[in-house]
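Peer 1: The primary structure of each chain is shown beneath.
There are 4 protein chains.
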Amino acid sequence: MNVAPKPLPRSAAMDLFTSTRARSQALAAPLCPEDMMLQSMEDASPVKWHLAHTTWFFEEFILKPRVRNYASPDDRFAFLFNSYYTQAGPRHARDRRGLVSRPDGEAVRDYRAHVEDSLASLMSAARDDSDDIAALVELGCHHEMQHQELLVTDLLHGLSFNPLLPAYKDPEPLPVTSEVPLTFTRHDGGLVEIGHDGQGFAYDCEGPRHKVWLDPFDIADRPVTNRDWIEFMEDGGYGDTRHWLMEGHAVATREGWEHPLYWWRQDDEWWTYTLRGPQPVALDAPVVHVSYYEADAFARWAGRRLPTEAEHEVAFRTAPIGGNLMGEAGAIGALRPLPGKGVWGDVWEWTASDFAPYPGFRPPEGALGEYNGKFMVNQRVLRGGSCATPKKQMRTTYRTFFYPHQRWQMLGLRLAGDAA
Amino acid sequence: MNVAPKPLPRSAAMDLFTSTRARSQALAAPLCPEDMMLQSMEDASPVKWHLAHTTWFFEEFILKPRVRNYASPDDRFAFLFNSYYTQAGPRHARDRRGLVSRPDGEAVRDYRAHVEDSLASLMSAARDDSDDIAALVELGCHHEMQHQELLVTDLLHGLSFNPLLPAYKDPEPLPVTSEVPLTFTRHDGGLVEIGHDGQGFAYDCEGPRHKVWLDPFDIADRPVTNRDWIEFMEDGGYGDTRHWLMEGHAVATREGWEHPLYWWRQDDEWWTYTLRGPQPVALDAPVVHVSYYEADAFARWAGRRLPTEAEHEVAFRTAPIGGNLMGEAGAIGALRPLPGKGVWGDVWEWTASDFAPYPGFRPPEGALGEYNGKFMVNQRVLRGGSCATPKKQMRTTYRTFFYPHQRWQMLGLRLAGDAA
Amino acid sequence: MNVAPKPLPRSAAMDLFTSTRARSQALAAPLCPEDMMLQSMEDASPVKWHLAHTTWFFEEFILKPRVRNYASPDDRFAFLFNSYYTQAGPRHARDRRGLVSRPDGEAVRDYRAHVEDSLASLMSAARDDSDDIAALVELGCHHEMQHQELLVTDLLHGLSFNPLLPAYKDPEPLPVTSEVPLTFTRHDGGLVEIGHDGQGFAYDCEGPRHKVWLDPFDIADRPVTNRDWIEFMEDGGYGDTRHWLMEGHAVATREGWEHPLYWWRQDDEWWTYTLRGPQPVALDAPVVHVSYYEADAFARWAGRRLPTEAEHEVAFRTAPIGGNLMGEAGAIGALRPLPGKGVWGDVWEWTASDFAPYPGFRPPEGALGEYNGKFMVNQRVLRGGSCATPKKQMRTTYRTFFYPHQRWQMLGLRLAGDAA
Amino acid sequence: MNVAPKPLPRSAAMDLFTSTRARSQALAAPLCPEDMMLQSMEDASPVKWHLAHTTWFFEEFILKPRVRNYASPDDRFAFLFNSYYTQAGPRHARDRRGLVSRPDGEAVRDYRAHVEDSLASLMSAARDDSDDIAALVELGCHHEMQHQELLVTDLLHGLSFNPLLPAYKDPEPLPVTSEVPLTFTRHDGGLVEIGHDGQGFAYDCEGPRHKVWLDPFDIADRPVTNRDWIEFMEDGGYGDTRHWLMEGHAVATREGWEHPLYWWRQDDEWWTYTLRGPQPVALDAPVVHVSYYEADAFARWAGRRLPTEAEHEVAFRTAPIGGNLMGEAGAIGALRPLPGKGVWGDVWEWTASDFAPYPGFRPPEGALGEYNGKFMVNQRVLRGGSCATPKKQMRTTYRTFFYPHQRWQMLGLRLAGDAA
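Chains as they are written, first to last, in full-length UniProt numbering: chain F, 1 to 420; chain X, 1 to 420; chain E, 1 to 420; chain Y, 1 to 420.
There may be inaccurate statements among the hints.
A pair holds if it fits inside one copy or across any two, identical chains being indistinguishable in the list.
Claimed, not checked - Cut-off 25 Å, straight-line C-alpha distance, at most; resulting in silico cross-link-like pairs (SDA-like, lysine to any residue):
(1) Lys169 with Arg109
(2) Lys169 with Thr153
(3) Lys211 with Arg186
(4) Lys169 with Asp104
(5) Lys211 with Tyr358
The set of hints was computed from the structure by calculation and includes no laboratory data.
Isolated chain F (complex conformation) (with noise of 0.2 Å):
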C-alpha cells in the first residue's frame, strides 16, 4: 500500500496514531448519541459506524496477525465492521449500517479503547526489526483520516434530512472578500512524469510515477466560485442539452435537480446548509456539491473543458495549499470565500479522467489488495482537497475518485482549456 521504500520511525507511527486517533473523537464529541446512528443512504454510513470500522482495521490488519491470543471485545464485530475487504471474511449490508443500535456509542468507545491499549503495548514490545507494523499503522492512520472526512460529509447528509436542519457547530461570521477574476496560465505540455515518486506515504494507486504525453493547456488560477455558478443557473445552463453529457441530462431530470445540493431559494437570496446550519451561499466561495455532470456541464457552457488528472498534477505540483483547512482550529463546517488565486487544496476538483491503473500498477496481495484496484471502473479522479480533508492527506499526487451523479461529498470544479 505504502509505496515509501523508508517507513516512518515508530515512536513517529505512534504520535501520528495518537493523533489521528484523538482527532476522530474530537470529531464526533458535540453529537448526541442519535446522531451517531444516522445512515441516509448506502453511500453514507453513521458515525459511530466509521469510528468502529477503522478500529476493526487495525484490528484486523494489525493486531489478529501479530499479537499471540488476541483477543477482540466481541468476535461478531469482524462482521459487522468490515467494509468491503471481501478476503477479510463476510461483513453486513452496507444499506443496514443505520440499522446497528448495539453496540451503542458507549460500546464502540470501549472497543476504540481496548484496541489502541492492545497496539500500544504491541508496539512498545516490538524488536527493532517490526518496522513493517510503523507502516501498517501508518496506513492505518491515513485510513482513519479518510474516514474523517467521510464522517464530516456523511454528517452533514444524514442531518440534512432533518427538517429542524440543525447546526453541527455554531455559524461564524464568514470574512468578506471581493470577487477574484478568473484568470488562466499556460503550460506547455510536452513529455512529462506524473505520480508519487515514493518519498513520504502515498497510496497504491498514486504510483508508479510513469511519462505522459501533454499537449499545451491553459488552466485556471482559481475554482469555479458560487458566483460564476449562479451566472451559469441563471442563462438556463440546467436545462440546456446542449451542454450536456446525455446521462448527465438524464440524471438532471430525474432527479430535479436545478442547483448544486442543499441550496434553496428564499426571499430572492440563494441559501445552503451546512454543518453551521443554513447560510446565505457565499458568492466568492468555490462552488461545492456539484456533480460531475454539472462541472462537465459548466465547463462547456464556459467554452472550457475540464483538466485531466495529468494536467492538473503539472499545474500544481509547486503550487501552495488554500486556506480552508480542516487544521488544529478545526474549521470545518462550511466554506469561506477564496484567499486569491493560483493555490489548491479549498475544494474537491472534478477532472476529465477516469479513475484507472496506472501504467505498471499492481495492487499488493491479500484484502489491502481491495483497497483501491477494485473501484477502477466508471468513477472520476478528483484532484485537491477540502475543509474537511485532513491537512496529511493533501498532496498533488492524491487521487481521490467518486461516481458522476455523486454531490455529497465536497466536490467542485477548475476550469482548463486547449492552448493556442
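The hints should help you fit chains X, E and Y onto chain F, whose structure is shown.
Peer 2: Then chains X, E and Y, alone, in the frame of chain F:
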C-alpha cells in the same frame, strides 16, 4: 370517536392518563438512545417517534384548541410528529422518521413532561361541564395504548436487523405444556347483531351495532399453533399453489417466504427471534407473524376457511380472555404456549373480512374523522389481541386491520368452516 | 363452473361456439399484424394472445382429455397460451406476451381453425350422454366472450401509447342528448336473497344463492356522467384529501391523476382517446376509466357512497339493460350518452364490496377451480356491463372484479346512500 | 462529422446510398411483421424503427434543409423516428418504440421509398459545388450501416425472449477447426501517434490524430475463445471476488451471471442461442456476449489485463481483417471458429479505455455534434468488429463504445500485459 354516551368522570380520565403515560415510559426504559432511533421499514416507526407522536396527539387535539396562549416547546414538532392527519396540517415523510436525530431522546422526554403538566393544569382548572375534555383524554389514552403495541412490534422488527440479535428483556423459562387438541364448536347463525353497543369506550369503526345474517358455522376452540404450522410446512404447504390466492403466492415467491417471519432452521430445530432474544419455537404456542396470504393458504390446506369477523364476534362475545396478556407484570417478549381452549386474545386472528364501514357508519367531522375511515380499502380485519396488547384495548368488538402481506405484528389465525 | 342444473343441448352449444368464434375474428379484422402484437402493460395482453389463449382453453379442457391421440399444431403452445392455471402446467411470463412474435398472426389463425375443426368432429361424434362436453363448450364460449371484452380494452390501452392516436374504427356522429337529472330510488332492504339461482349459465362465484340483511337504502337512477365528473374536478376534488382513502390519494399523487384515464385538455375543452380516435368528452355519457379510489372519492365528495353489490343486485334485478351494447352491429369504440334512466349496463359500476366468496362457495376440483376462486383478495366487485361486453355476458348476478387502482377497463360508478 | 478533407464524388455517394439502403431491406426480408415490432429492452429498438430512423436521418439532415417545399409522408414521423438529437426537436420515448404499431411495416417501406426518390432527385439536380451533400449522404450511409449492426443484435435479443427460440436463418454446418494456441507479440511502445489521419471516411471521435506515450506491452495474437472461457468458468471464475471489480461483481450477482449471455447447459454441453437458432457452443470461436466486467475479471484471472485502445490500434494497424465478416453473402447469424491468428475483426474487443475525447476534439456545431460527443462518460471503447459489422465500417481507428454492463452486442476480448 368515542361512541359511548357517557364518557369517563374527569378523575378517572386523569388516572387513566397517568397510568398510560407511565406505561409508555416503562416500555422504553430498558433501551439505549440508539435503539429508540431504529426505523427498519416505512410501516414501522422509531420508539422515540411513538413517544413524541402520542404526546403531540394530546397537544394537537386538546391543548392547542383549549389552552389560551398554549406554547409548545417547539412549533416544528407538529410537523415532525403528526402521523397522517391531513386536516391537522403538513407532516414529515413517514419513511424518514428514522433520520430525525434531534430532538433527541432527552428532548422528547422533556416534551412529554411539558404536555403532561399542561394537561394536568387544564384538567384541574376545567369547569364541571367540560366532560368532552375527559372524552378526548380517554381517546388520547387509547390512542397511546395502540402505539404501545406498535412500539413493541416495531422495536422487534428494528432489532431483528441487527446481526447480534440483541434481547430487549432477558429470557424466562417458558412453561412446559402439552398439545391442546383441535376441536370445533358449532354455531347456528341466523339474524344476529354485531358491533359495539355504546357502553364504555370504543373506536368509531366498531359501530353502529347492526344486523347480519349468518349461516350455521363451526369455529375452532383454539388458534392454530406452531405445531400445526410445522405440519403445513412439512407437507409442502408453501410451495403448493392449489392452496394459495394467486396474489398471495406471487408475494410469497417474490419474498422467498418458507416459514413465518423471524424463523430460521438451526441444528434440526426451528428457532425464532423474539424480544427475549433467539428462542426455540414453542410448539404449543399460537403461530404468530404470518401474513393473511399464509393464513388463508393454511386454512385451505386444512380443508377449512378463516372465520368472518361477524362469526368471530358472535362466537367469543362471552368467552374469557387468554393468558398471554401484557399485564402489570409486563409479560411482553415472546408468546407463551396456550393455556387451554375456548379463550381468545392470545394472538391476533386474521378474519376473512375486508375492513369496511358498518352500515350507517359516519366518521366524525374534522381531523379525528381520519382516525379509521380513510383506511377502509384492501385491509383485512383481525380480532383478538396479543401479549403486546394493553388489556384495556381488548374487547370482542375491536377491529384491528392490516394489509394481507404484513407480518411484523403479532398476527395468527383460527380455523372455521361451514356447518352441516 | 356452470352452476346450472341443465346445460345447453349440444346443437345449441355448437351454435354458440360458431358465433362466438366468429365474433372474435371479426373484432380483429380491422387490425394490422403489428396492432395485434401490442402489450402496453402486464395487465393487458396482445390481441394475438387473446385469440390463441381462448383457443388453448378449448384444447386443454376438452380436446386433450377427450380426443384420443389429439395432436396440437405445436405442443409448446400450451406453455405460451396458458394464462394462470397452475394445475394445467407451467406457462410463459405474463409480462412478456408482447415479445412473442412467432407464432405470427397467420399461424394463430391456423391454430384457431385446427381447434375449431377438431371440436366440431368431437361434437358430431359424441354420444348422447356427453352433455358434459356441451357444458364445457358453453363455458369455453363464455370464457372467450370475457376475452373479447379484454381484447377491446387492451387494444385501446395499447394504441393509446402511439403518439399518432390511431382509430380502430372511424368515428360516427354521437346522438345529441340533453342532461339526465340525477334522481334516486328508495329500497326497503330487509332479509333478501342474492346470487344466481341456477337457471342458465353463470360462473361459479355467482352462487350459491344466499340470504343477506340489508338496511334501507337509496340508489341513483343513472350512473355518474362526464358532466358530473367535471363538476367534481372543477371543485378541486382530486386535490382535497378529505374525500379520499389514504391509499387512494397516495396512488393518485404518485400517478399524477387529475382526470380519468385517456383525457386531456385542448382548446378549453376536455378530449378523450377512444377506439374511434380522439373525441370531445360527451357530457351526458357515463364517466368511464376511473379507478375505485376515484369513484369512492367522488361519492364522498357528493355526500353519498357507493352501493354494495347486494344493494345493486336487488335494485336492478328487474330493470332493463341500457343502450350501449356491443351488439350484432358491433357498436364498440366509444360510450354514447345515456338514453335515459333506470337502466343498467351502460358502464361497469364499482361497488363498495370486496370480491369474496359467497357463503358456502366451493370452487370445482382441478384447474377450472382456479377460474375465479384464487382472485378473492384485494379486488372490488363491479356490476353492470359496457359497450365492450357481449350481451350474453350481461346479467344482474354477474360479478366482475378489478383492483382499486385499475382504470383501463370500462369502469364507472353509480351513487347510493343510507335511506332515512 | 466526416474529418476527411475530400468527400466522395457524387456518383460514388449515390452508389453507396443505393447499396446501403438495399442491404437494410435485405436484412429485414426474412422477417414477419410481428418480428419487426419486437423491443425487448430500452437499449434495443424494433427492426421497423431502425428502418424508419435511418430514413429520417436523410430526411432531417439533407432533404428538409435543401429541398424547397419538401413534404414528408407524415410530419409526425420526425417525432417518432428521431433517436436522441435534442437540437432536431422533441422525440418519442425510447423505451416505447415497441408500442408503435402504426405506421406499420408497409407504411415504413413506403416512407423509405419516398425518401429515396426525393434524395435521388436532389442529387441529380445538384450543381457541381454541392459536394457537402455528398459528404452528408456518405455520413447517412455510415449511420445506416451502424444501425444495420444494431438491427441484427437487437433482433437477436428480441427473439431470445421467445420460448420457441426461432431461427432468423437456417443453420449451416460450422467448419471444423482445431484449437489455436494462445501466443503474444511484444511491442516497444514509446511516443506514438493514434487516431484517424483524414484519408477517407471516419467519425468525428476518431480524431484528431495525436501523440500518446506507451510503455512496452504484449498483446495476444487472437481473441479469447469459448474454450478459454469455459476454463475460467470451471475454475470458479464467476464466483471468486478476487478477480472482479467491486461494481462488476455486484452486477453479476444481482443479475445471476454465471456464463455469457444466451448460454445454457443441456445434456452436459454448453449451448447458445444465435440467429441460426440454438447451437452448441463452438469451442474455438471467439467468446461473445460478455460484459466489460466479465472481460476484466477474465483478464485478471489469467494474470493479464485488457489492452488500452492506443495499444490495440498500434498493434493492429497493419494486420489483416478476420474471416467472420458480414459480407455480400450475408454470413450473419453465429460466430464461426477462428481462422488463425494475428488478425482482428472477428469480434468486438473490450479495451481498458474510457470513451473520452481525443486531445483537441471539437464536435461539429448543431444537431450532428450530438452524434458521439454527448456519450463520453462511463462507457468503454471497443475495437474490432464482428460478423454483424458491415465491412465498410471496419478500420483500426474505429471506436465503438458500450456501458460496462452491456452484453447484447457482439462483445468479446483479447488479452494484453506489461512487457518486461
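Peer 1: How would you label the pair Lys169, Asp104 (within, between, both, or neither) given a Cα cut-off of 25 Å?
Peer 2: both (23 Å within a copy, 17 Å between copies)
Peer 1: At most 25 Å between CA atoms: does that hold for Lys169 and Thr153 within a copy, between copies, both, or neither?
Peer 2: within (14 Å within a copy, 36 Å between copies)
Peer 1: Quick one: Lys211 to Tyr358, C-alpha cut-off 25 Å, is that within a copy, between copies, both, or neither?
Peer 2: So Lys211 and Tyr358 pass the 25 Å test inside a copy (10 Å) and across (18 Å) alike.
Peer 1: Could you figure out if Lys211 and Arg186 sit no more than 25 Å apart (CA to CA) within one copy, between two copies, both or neither?
Peer 2: both (20 Å within a copy, 19 Å between copies)
Peer 1: Treating 25 Å as the Cα threshold, decide for Lys169 and Arg109: within, between, both or neither.
Peer 2: So Lys169 and Arg109 pass the 25 Å test inside a copy (22 Å) and across (24 Å) alike.
Consistency with the previously given hints is maintained throughout, with no hint failing.
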